[in-house]
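Given next are the chains, with one letter for each unit.
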Amino acid sequence: MSATVETAQRTGMSAKEAIALVHETRDDRDIVVTTMTPARDWMLLSQHPRDLVLVPSAMSHATSMGLGLALAQPDRRVIVCNGDGSMLMNLGSLVSITGAGATNMIVLIFMNGTYEVTGSQPLPGGRNVDFAAIARGVGFASVFEFADLEDWRARIGDVFAAPGPVFVTLRVRPVIGEAGPKSPGRATARAQEFMKALKESPA
Amino acid sequence: MFSGEEVADLLDRLGVTHVVTVPDSTIGQWQPAIERPGRVRLVRVCREGEAWQVAAGLYLGGALPVLMIQCTGLFESGDALRNAVHDFKLPLFSFIGYRSYLNQDTLPGDTCLVFTEPVLDAWKIDYRLITSAAQRDVITEHFESCRARGVAGAIVVAEGKA
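Listed in order, the protein sequences are those of chains A and B.
Residues 1 to 203 in our numbering are what the first sequence spells out, letter by letter.
Residues 1001 to 1162 in our numbering are what the second sequence spells out, letter by letter.
Take these hints with a grain of salt, some might be off.
As the list claims (entries may be wrong) - Derived contacts from chain B toward chain A, CB cut-off under 7 Å, selection only: (1) S1003; (2) E1006; (3) G1057; (4) L1058; (5) L1060; (6) G1061; (7) H1086; (8) K1089.
The set of hints was computed from the structure by calculation and includes no laboratory data.
All of these numbers come straight from a predicted model, not from anything done at the bench.
Note that CB positions come from ideal geometry on N, CA and C, so glycine has one too.
Just chain A, with the same shape it has in the complex:
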């Protein structure tokens, strides 16, 4: 195990506990897009009809998928639960989000400094990337960062009510050795069910 990953394991929140607070706070009308490690943890908590689990995915594109949903469904909130490796692979999408004026988006980065689903190899930049600075620099209206679970619990209501688009870095501990997310079913069928759920429940 690299020194970077060893250090990461000693700092930050439990990712499962951090995402459980998202599950508790999410409004029934919200769309929640998950991918990679957050998808694995989210599927243990939720099988909501307006969940979009991007497994299989094109790695890095949860924010782009979320932007399309946010523009098509402007009266709903779209919450994207992304990994830091995925975010690094598509940083430009943050500019596309603010450029499009998608004020109904909340982007949550579960930052563990590793490619966890492939065996927790360190990311370029490890845990030193300042995502909050990037988000501020590209024009996110509200930017937050949490490394402590009780702080995240105390503030999540304010975060979800803040002017959008909202960007949140959640510093979490990598989990070594846990299997990556498995598809919850055929993507084609899930896409059809998701579209039906949006049509049947107007925002």
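With the hints as your guide, set chain B onto chain A.
Showing chain B alone in chain A's frame:
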């Protein structure tokens, strides 16, 4: 080949709601007409892979998007296209600028001419090549055919000046 007004009118007639785009020197000229108020919403993204997934989100959300990108951007798009069109089987429609197609005699050697159509075949995208304005009806026919069949499709627009 087409003016921005012609393209914007066509998109309106087809019921397109959003154009997700990274421009090139041909399709970029259409933007002012497309984004005129009351018409289609233009969504600018930073790279073409994003465009496929933004369009996927729009489609899942009930909109009717198209992509407008250059063939070089198609080359960049691979995994995003694969996931949207083949994993999720979303019938996304694209306009793809075919760089140098009309300059083959005067500007030979652009490898876009080697790879564009084989790449579309490899990704199993049903496309039609448009080389002159006289073929404009092909666009409507192909768009409507792809919608009726629920499959992804593309119009490949020849670019350059012969």
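How about S1003 of chain B: closest beta carbon in chain A under 7 Å, or not?
-> At about 26 Å, which exceeds the 7 Å cut-off, the nearest Cβ of chain A leaves the hint on S1003 of chain B violated.
Does L1058 of chain B pass the interface hint, meaning its C-beta sits closer than 7 Å to a C-beta of chain A?
-> Cβ of L1058 of chain B sits 4 Å from chain A, so the hint holds.
Using Cβ atoms only, decide whether E1006 of chain B comes closer than 7 Å to chain A, and label the hint accordingly.
-> At 25 Å from the nearest chain A Cβ, E1006 of chain B fails the 7 Å test, so the hint is violated.
Under the criterion of a CB-CB separation shorter than 7 Å, is G1057 of chain B in contact with chain A as hinted?
-> With a closest approach of 2 Å, the G1057 of chain B hint holds.
Can we keep the L1060 of chain B interface hint, with Cβ of chain A closer than 7 Å?
-> holds (6 Å)
Does G1061 of chain B pass the interface check with chain A, least Cβ-Cβ distance below 7 Å?
-> Constraint on G1061 of chain B satisfied, holds at 3 Å.
Residue hint H1086 of chain B, partner chain A, criterion CB-CB below 7 Å | violated (9 Å)
Hint check, K1089 of chain B versus chain A [nearest Cβ-Cβ separation less than 7 Å] = Holds - the Cβ of K1089 of chain B comes within 7 Å of chain A, reaching about 5 Å at its closest.
Comparing the model with each earlier hint shows violations of hints 1, 2 and 7; every other hint is respected.
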